[in-house]
Amino acid sequence: FLMHTSKKEIIGAAILIMLFIAANSGFILGNVSPGWDTLAYSLGLQYVKNVVQAGSLPGWNPYFNAGEPLYLYHFAYASFQWFLYAALDYVLPVKPAALFKLYYASLFVFYNVGCYLFFRKLFDDRRVVLFCFAVSLFSAAFVVYLNEHSSLYVSVYFPYLAYFFLEFVEKR
Numbered sequence: 001f002l003m004h005t006s007k008k009e010i011i012g013a014a015i016l017i018m019l020f021i022a023a024n025s026g027f028i029l030g031n032v033s034p035g036w037d038t039l040a041y042s043l044g045l046q047y048v049k050n051v052v053q054a055g056s057l058p059g060w061n062p063y064f065n066a067g068e069p070l071y072l073y074h075f076a077y078a079s080f081q082w083f084l085y086a087a088l089d090y091v092l093p094v095k096p097a098a099l100f101k102l103y104y105a106s107l108f109v110f111y112n113v114g115c116y117l118f119f120r121k122l123f124d125d126r127r128v129v130l131f132c133f134a135v136s137l138f139s140a141a142f143v144v145y146l147n148e149h150s151s152l153y154v155s156v157y158f159p160y161l162a163y164f165f166l167e168f169v170e171k172r
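Going by my numbering, 92 is the number at position 92 of the sequence shown; the sequence numbering is gapless.
One or more hints might be untrue.
To be verified - Pairwise CB distance ranges (calculated):
| no. | residue 1 | residue 2 | range |
| --- | --- | --- | --- |
| 1 | N147 | V169 | 15 to 23 Å |
| 2 | A22 | F131 | 14 to 22 Å |
| 3 | D125 | F164 | 20 to 28 Å |
Unchecked claim - Dumping the calculated SDA-like pairs for lysine to any residue here, alpha-carbon to alpha-carbon at most 25 Å:
| no. | residue 1 | residue 2 |
| --- | --- | --- |
| 4 | K95 | I28 |
| 5 | K171 | L122 |
| 6 | K121 | A54 |
| 7 | K95 | L107 |
| 8 | K7 | R126 |
| 9 | K121 | V154 |
| 10 | K95 | K171 |
| 11 | K95 | A105 |
| 12 | K121 | S136 |
| 13 | K95 | I21 |
| 14 | K7 | S136 |
| 15 | K8 | F20 |
| 16 | K171 | Y157 |
| 17 | K121 | E170 |
Derived by calculation from the structure, the hints in this document are not laboratory data.
We put the beta carbon where it would ideally sit given N, CA and C, even for glycine.
Put together the whole structure using the sequences plus the hints.
Okay, here's the thing in structure tokens:
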């Protein structure tokens, strides 16, 4: 993929991601707190952080649905990254809500990188690709997904699935 991408396009996409991080630095650095259901998701990260720090395997999660096994958690397929961010706490000790915000912002950027790949498949003109990527990155989706975080879990892999489906159809 990167071999067929111009340096200007990669630099343009990287600049857009940096502008997104700068525009949302108030949230990422801690001036804004997650709310509603999203705050409850940070409790799951607290559980994983406790498990990682204790050096034990995850089992019972006391924070969800009055307690349940972690493997039964309905978004477990999308929350495996929590272990990475819980391990990050060893390097940079921060509160679980701050870890969650960093996790959420990186998950949103991951989602938009998938959108970028999908747009590359749809459009030949790289200016159109970068424009669509910017619209996706700076849309209201960041705020919408923040207030209803489970919708990001549902859609985070969709652009990658669409991209690889088109790649598969093209190669057949």
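Results for each hint:
1. N147 to V169: 15 to 23 Å: For V169 against N147, whose Cβ atoms are near 35 Å apart, the range 15 to 23 Å is violated.
2. A22 to F131: 14 to 22 Å: holds (19 Å)
3. D125 to F164: 20 to 28 Å: 22 Å Cβ-Cβ, so the 20 to 28 Å window holds.
4. K95 to I28: holds (13 Å)
5. K171 to L122: holds (15 Å)
6. K121 to A54: At roughly 45 Å apart (the allowed maximum being 25 Å), A54 and K121 break the hint.
7. K95 to L107: Roughly 18 Å separates the two Cα atoms, so the pair holds.
8. K7 to R126: holds (12 Å)
9. K121 to V154: holds (22 Å)
10. K95 to K171: violated (47 Å)
11. K95 to A105: With Cα atoms ~16 Å apart, K95 and A105 stay inside 25 Å; holds.
12. K121 to S136: Distance of about 16 Å is within 25 Å: holds.
13. K95 to I21: Within the cut-off at roughly 20 Å; holds.
14. K7 to S136: Distance ~21 Å between K7 and S136 Cα, so the pair holds.
15. K8 to F20: Cα-Cα ~18 Å, so holds.
16. K171 to Y157: Satisfied, since the Cα-Cα distance of roughly 21 Å is no more than 25 Å.
17. K121 to E170: holds (10 Å)
The structure does not agree with the numbered hints 1, 6, 10 stated previously, though it agrees with the rest.
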